[in-house]
Amino acid sequence: AIMTGVSPARLHITNHAPGNPEHIPENSNLKGAEWTTHLGLQYKTLAEYLQEAGYATGFIGKWHLSHTRDKDSEGPLEPRLRPEFQGFDLNVGGCSYGGPPSYFEPYRIPNISPRKEGDYLPERLADECISFMDQKRDEPFFLCWWNYSVHYPIQAPQHLIEKYKKRAGVKRPDYMAMIEGMDTAIGRVLEHLDAMGERSNTLVVFTSDNGSLFENTPLRSNKGYLYEGGIRVPWMIRWPGHIKPNAVSNTPVISTDLFPTLLEAADVRLPLGGVSDGVSLIPMLKGKEQLNRRNVFFHYPNYAFHKNNRLGSAVRSGDFKLIQFYDDDSIELYNLKEDLEEKNNLAPIHSSKAAALQQSLQTWLKENRARMPMRLIQ
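So the sequence shown is numbered by the numbering used here: it starts at 1414 and just counts up by one.
For the record, the hints were derived by calculation from the structure and aren't laboratory data.
These numbers were taken from a predicted model, which means no experiment stands behind them.
We treat Cβ as the ideally placed atom computed from N, Cα and C, and that holds for glycine.
Treat the hints with caution; some may be incorrect.
Straight-line alpha carbon distances no greater than 27 Å define the calculated BS3-like cross-link-like pairs of lysine-lysine that follow [said to hold, decoys possible]:
#1 1779 <-> 1457
#2 1584 <-> 1756
#3 1750 <-> 1766
#4 1701 <-> 1750
#5 1766 <-> 1756
#6 1699 <-> 1750
#7 1578 <-> 1636
#8 1529 <-> 1576
#9 1701 <-> 1657
#10 1750 <-> 1657
#11 1576 <-> 1457
#12 1636 <-> 1549
#13 1766 <-> 1779
#14 1636 <-> 1444
#15 1779 <-> 1444
#16 1756 <-> 1636
Using C-beta positions, here's what the derived DEER-type ranges look like [claimed, not checked]:
#17 1596 <-> 1677: 24 to 30 Å
#18 1773 <-> 1565: 32 to 38 Å
#19 1627 <-> 1680: 39 to 45 Å
Using the sequences and the hints, build the whole thing.
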């Protein structure tokens, strides 16, 4: 979605790549939708547009959009789908892996050359980001740093783990330590950008692909679910001189919005016939106007790795959010302004509102030719 501006529903990439066989929960009446297991080369990426516009392009970290071929699956050979074939001049660590074999050297990740044994991966990737920025300081650059953190295996420097063991109420000191390790590495890169004198000339975006696997209180549920704990993520944007400091927006946005936003920031226009399911956030970020969009849509017709999620789709419209589940065709409606924890299903008492949102969702799914779960014969 970020790389193409196209909805995962339209791309048919509705589960993780490279696409391990989907396991159907016991007693389930649904099989997950068929999904594409990689980002095909037919799609023009954000990096390719910016590369054509004269930007140096670098990718550091977790790609997770390619597909290996092995005895159990069919698909393109993985190296041809890596970032260097999708518009990036540099690729460090980008391959089919969803998580590294180890966060400490030796990492055993393709495209990361060996270095000092025991080096921590977030710090190594920060070094690579800094090196790229130094090499490209005299030209415009687009740098994608997609952290492998925080993801299994949960590993962090021992001194950070010990730090959080001493804090009362911390259930997962290793997890907290891992977050701090990532945060420190990001801080190093931002500080170096400032030292280069490029702070006011650079748009920086920090976000995440999904909610935490662990506790997300007060949000309901976690990674792999359509409740807020699965889909509400941090969005922080720094662009001095364009965005008012410490500004906060409650407007719903989605990852497809980054594609047109970054293109507009770089003064790059989509060609006639170019497709983007997102909308540019630039006018809103500059405080000039609100987004001209009524609804934001989500489609997850596949089982997550934990197999506990119900297959469904969702639509967010203002303060309201509707979820449609496919196992029993039920719907749930929540007012997120009043009920962020999603405890009170309003569908029975706001039936007209629910029906209107459900119709909007169905129209969107049809327009995107979204693939749907399949009913199993019991």
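Practice item. Kindly indicate which numbered hints from before are broken by the structure, ordering the numbers from low to high. Key: 11, 12
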